[in-house]
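Asker: Listed here are the chains, written in short residue letters.
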Amino acid sequence: MKLPRWFHQLGSPPYVYRLAERLSPWLGWSGCLLIAVGALWGLFGAPPDFRQGEVYRIIYIHPQTSYVGMMAYVVMAVAGAVGFIWRIKLAHAVAVSAAPIGASFVLCSLITGAIWGRPTWGTYWEWGDPRIMSQTLLLFLFLGYLALRASFEDRDKADRVSAILAVVGVVNIPIIHYSVEWWNSLHQGPSITRLDEPAIHASMLVPFLIMVAGFTFFFYWLLLNRLQGEIVERERDARWVQELVSGGRP
Amino acid sequence: MIEVLAMGGDGAYVWSAYGITLAVLAGNVWAARRRRQAALERARASGGAERPRRRPTVRQLQ
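As you go down the protein sequences, you meet chains A and B in turn. The first sequence begins at 1 in this note's numbering and counts up by one. The second sequence begins at 251 in this note's numbering and counts up by one.
Hint data in this document are derived by calculation from the structure and do not stem from the laboratory. Glycine included, every Cβ here is placed at the ideal spot set by N, Cα and C. Treat the hints loosely; a few may be bogus.
Only some residues are given here: those of chain A computed to face chain B with a beta carbon under 7 angstroms [as the list claims (entries may be wrong)]:
#1 S12
#2 G53
#3 V55
#4 I101
#5 H201
#6 L222
#7 R226
#8 G229
#9 E233
#10 R236
#11 D237
#12 V241
Covered by chain A, per the in silico footprint, the following chain B stretches (three or more residues, Cβ under 8 angstroms) [claimed, not checked]:
#13 252-258
#14 262-275
#15 280-294
Using the sequences provided together with the hints, build the complete structure.
Answerer: Dropping the structure here:
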């Protein structure tokens with residue numbers, strides 16, 4: 001089977017660096033704009049919740065940070081697997097780039113969740129709550145991945161071993177998603193990703209989805225920025241990088 | 251205005267959550283940029299020192 005041309009191009013570091021350069025402003029600006037609109041809408045435009053009052057407005061940031069953290073993990077695991085199986089170095093560069101972003105978003109989701117928990121559940125933290133614990137495990141998977149990489153002197157070896165950890169840990173993603181259905185949890189069940197219609201009114205759903213889109217664009221913007229750094233780091237002495245840093249076009 | 255910002259008495263929860271999230275977003279941008287900049291600096295400093303040697307071209311030999 002003959003693979004299409006773009007498939008080969010996506011394995012080429014200078015091509016991907018330039019592609020990232022071109023896509024970055026679009027992703028960055030649309031992400032920031034959507035987040036600004038969604039936040040203002042969610043904070044001041046959407047109606048208060050009939051049970052939680054105003055504090056429910058954390059719903060416009062907390063699930064989004066969790067979702068970005070999980071998406072970052074899936075990106076990391078898939079890229080790691082692609083790099084491991086087909087020995088594509090660029091895929092490993094993508095995996096490494098996703099890890100710190102994902103870790104920071106998962107940490108953010110745990111903190112905003114704790115803040116939300118105090119007024120609604122009466123506690124910041126509940127050991128043994130399946131959703132909190134599986135999400136905490138996700139944070140430790142990211143940190144473990146980064147620590148594992150740091151323990152190798154040789155980058156190729158770090159790429160391959162850490163990819164295995166990333167792929168094994170991916171089983172945690174469906175566990176996080178279904179944790180609120182499989183076990184008793186303080187956490188509410190899914191209200192957006194249900195098979196029937198969403199359990200939230202359109203006046204709240206629209207800003208919610210705007211924030212989901214904004215966070216998604218923002219994540220890929222960050223990923224491309226980090227990927228560019230990672231590519232330059234790995235290709236430091238390649239001719240195209242040297243031309244790039246000496247003022248020429250990549 | 252003050253009333254809106256007070257969020258019905260839950261302002262401390264809502265605003266701290268939004269503030270932390272904003273800080274995480276901004277911190278990520280800063281970290282990603284700094285890392286890319288540092289990589290470019292290192293590449294500049296290295297000056298292609300470890301580039302695998304290629305056979306000289308005809309033009310270089312002349």
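Asker: Give a verdict on every hint.
Answerer: Taking the hints in turn, this is what the structure says about them:
1. S12: 17 angstroms, violated
2. G53: 5 angstroms, holds
3. V55: Since chain B brings a Cβ to about 4 angstroms from A/V55, closer than 7 angstroms, the hint holds.
4. I101: 6 angstroms, holds
5. H201: 19 angstroms, violated
6. L222: 5 angstroms, holds
7. R226: OK, holds: A/R226 within 7 angstroms of chain B, min 5 angstroms.
8. G229: Since the shortest Cβ distance to chain B is 4 angstroms, the answer is holds.
9. E233: 4 angstroms, holds
10. R236: Because about 5 angstroms separates A/R236 from the closest Cβ in chain B, which is inside the 7 angstroms limit, the hint holds.
11. D237: Check passed: Cβ of A/D237 comes within 4 angstroms of chain B, closer than 7 angstroms.
12. V241: 5 angstroms, holds
13. 252-258: holds (count 3)
14. 262-275: holds (count 9)
15. 280-294: Holds, because 12 residues of the segment 280-294 of chain B bring their Cβ atoms closer than 8 angstroms to Cβ atoms of chain A.
The structure is inconsistent with the numbered hints 1 and 5, although it conforms to all the rest.
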